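Engineer: Keeping their order, the protein sequence lines are chains E and G.
Under the numbering used here, the first residue of the first sequence carries the number 1, and numbering increases by one thereafter.
Under the numbering used here, the first residue of the second sequence carries the number 1001, and numbering increases by one thereafter.
Since the hints were made in silico from the structure, they are not lab data.
Owing to the predicted nature of the structure, the values given are computational and were not obtained by experimental measurement.
Heads up, the beta-carbon is just placed ideally off N, CA and C, and yes, glycines get one too.
Among the hints, a few may not be true.
What the hints assert, rightly or not - Result set (EDC-like, lysine to aspartate or glutamate): computed pairs, CA atoms no more than 20 Å apart in a straight line:
#: 1; chain 1: G; residue 1: K1129; chain 2: G; residue 2: E1096
#: 2; chain 1: E; residue 1: K10; chain 2: G; residue 2: D1111
#: 3; chain 1: G; residue 1: K1074; chain 2: E; residue 2: E257
Claimed, not checked - Each pair of labels, with its calculated beta carbon distance range:
#: 4; chain 1: E; residue 1: E108; chain 2: G; residue 2: K1184; range: 33 to 41 Å
#: 5; chain 1: E; residue 1: G252; chain 2: G; residue 2: S1287; range: 49 to 57 Å
#: 6; chain 1: G; residue 1: T1225; chain 2: E; residue 2: L260; range: 38 to 46 Å
Stated by the list, open to error - According to the in silico footprint, chain E covers these stretches of chain G (three or more CB under 8 Å from chain E):
#: 7; stretch: 1063-1075
#: 8; stretch: 1184-1195
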Amino acid sequence: MKTAMYALIKKDFRGVASNRRLFSALLIVPLVLTIILPSIFLVTIHFVPDNPDVANLLSLLPEAAGMESLELTLSSMILNYILPVFFMMIPIMTASIMAASAFVGEKERHTLETLLYCPLTLKQIFQAKVWASFLLSMVVSLISFTAMLLVMETELFFLMGKLILPSVNWLVVMLLLSPAISLIAVTLIVRGSAKAQSVEESQQSAVFLILPLILLIAGQFTGVLLMNVWILLGLGIVCVALAWILLQKSMGRFTYEKLLQ
Amino acid sequence: METVTMQALSKTYPGGKEALKQLSLSLGAGEVFGFLGPNGAGKTTTVKLLTGILAPSSGCCSIMGINPNTQPEKAHLLSGIVTEHAQMYDNLSGIENLIFYAAAFGLAQKDGKQRAESLLKELELTEAKDRKLATYSTGMRQRLSLARALLHRPKVLFLDEPTSGLDPESAQNVNQMIRNLAHKEGITVFLCTHQLRYAQEICTRYGLIEQGSLLSSGTIEELRTQAFPSKSLQIQASAVPESLHLTKCGTNEFTAEIQDKQEIPHLVRKIVEAGGNIYSVNLVQPSLEDIYFALTAGKKED
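Model the full assembly from the supplied sequences, consistent with the hints where possible.
Structural biologist: Structure, rendered in structure tokens:
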């Protein structure tokens, strides 16, 4: 039943993508976080007068050793330690919009029953719903990353005459950690939407219960980034495992009857 | 061959409401079964049990040998379902909706599109196919739902009030289509309705349900015999002999209660032999509506 699940994912994805207003709203926040904010940082770094106290403080960091100037040290820190944290949050925020209405949205439009009459198990429907939201979050995340890199490198080149390569941390964050954490959040939110009675209720519980918890964990992430890349990799694998277990087990006790109540 | 079977099927909702009590029925291929009863009698509950949406409290049912409660996805592959709560997506057009559901039922893209186009044509929706569903009237939605239910060529069709909201022309068209499906393709149709006249037009067999219990089931002839053991004969004639004991209900108008059609020629001969003139003889055939009310009234008296 791969075709059926694929059809459902495509339908859900198109539902958001064809709604231009919603889709552009989904893109605006990530773009502000990843383009405007870093640009302000870079411009500030370039134009503020040198402060010896800050220079002393920064020279304590291991990264300072390999860099030619204070400006580049600071810029590289922003690129490699601050910005990855945004990419932990962006996919979660994006996906939550779609995930919160996954089941309850269909219920409100009276299309859930029709969907249940399709030859798919509840688990398959659930997984298709999760993948659709997850896919959207990854698309937004990828667009933001590309835009951020392009803008930042251009600015770096014109302001400081040098490019800074993203560290290997980025690879682990973009390919492992960010997708895994996003998948955990999406699974929890979609599960919540199956229990909720209205889209509002589902969105509220997503925003008030799940998002803060996950953002809190993601927020603590700067510290982890300063550590070894292998720790990051291990953490990523743990998150992927957790996401997979959640995805497999979340729908276990649900029945058609419960869903339609 | 039996396509749908129910054995002592019962459903009690968590609140304690007994929606269905010990329902036992079986349907054969090509049969159009009319499941009749007032609102809240348990018709929709039965459909939900047969499609695996609800779990029975006791008893069991099967669709072509598959238990819809344990293997709903397999049962759904064999059944097409139209109910008023099963709507489609307003933000998609008619054809987009059908193509989506065709894919959800595992049809290849090309097959799905072809099937959708031909069903839209058959249900006279071709002109509206590219319009968003939000602009459809109730009748058009209803017909599109029927198209959706038929996409994957089901063996059993569950229809819950399929012609409510249809204008007479569309209703007739839909009726014709259902009749053809049953007759030519051998599809079993399980039709829930409280529109008795409509049911009488297309059903081959009936089940009467009230307050969760099956009152009676059978062909219209069987139900008629059950509800009205004696038949009523209306005679317009002059000079009817008193010895025949006909009930007079107007000038030259009489009614007679008979047990069998064979009594009619005998009765007519007697009137003629006695010198009477016969203007008309009419055997009253109680309609499904009459039968329904007679049976439900009978139940209440018990």
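Engineer: Could one say that the CB atoms of G:T1225 and E:L260 fall in the range 38 to 46 Å?
Structural biologist: Roughly 41 Å apart at Cβ, these two residues keep to the hinted range, so it holds.
Engineer: Is the Cα-Cα distance between G:K1074 and E:E257 20 Å or less?
Structural biologist: Given pair G:K1074, E:E257 holds - Cα atoms ~18 Å apart, limit 20 Å.
Engineer: Are at least 3 residues of the stretch 1184-1195 of chain G within less than 8 Å of chain E when you compare beta carbons?
Structural biologist: violated (count 0)
Engineer: For the pair supplied as a hint, E:K10 and G:D1111, confirm whether the alpha-carbon distance does not exceed 20 Å.
Structural biologist: OK: E:K10 and G:D1111 at ~18 Å, within 20 Å.
Engineer: Should the hint that E:E108 and G:K1184 are 33 to 41 Å apart at their CB atoms be regarded as holding?
Structural biologist: Given a distance of about 39 Å, which is inside 33 to 41 Å, the answer is holds.
Engineer: According to a criterion of three or more residues whose C-beta lies within less than 8 Å of a C-beta of chain E, is the stretch 1063-1075 of chain G covered?
Structural biologist: Our answer is that it holds, as 3 residues pass the Cβ test (under 8 Å) against chain E, meeting three.
Engineer: Is the straight-line distance between the alpha-carbon of G:K1129 and that of G:E1096 20 Å or less?
Structural biologist: With a Cα-Cα distance of about 8 Å, the restraint between G:K1129 and G:E1096 holds, given a limit of 20 Å.
Engineer: Evaluate the given range 49 to 57 Å for the C-beta pair formed by E:G252 and G:S1287.
Structural biologist: holds, 52 Å
Checked against the numbered hints given earlier, this structure breaks only hint 8.
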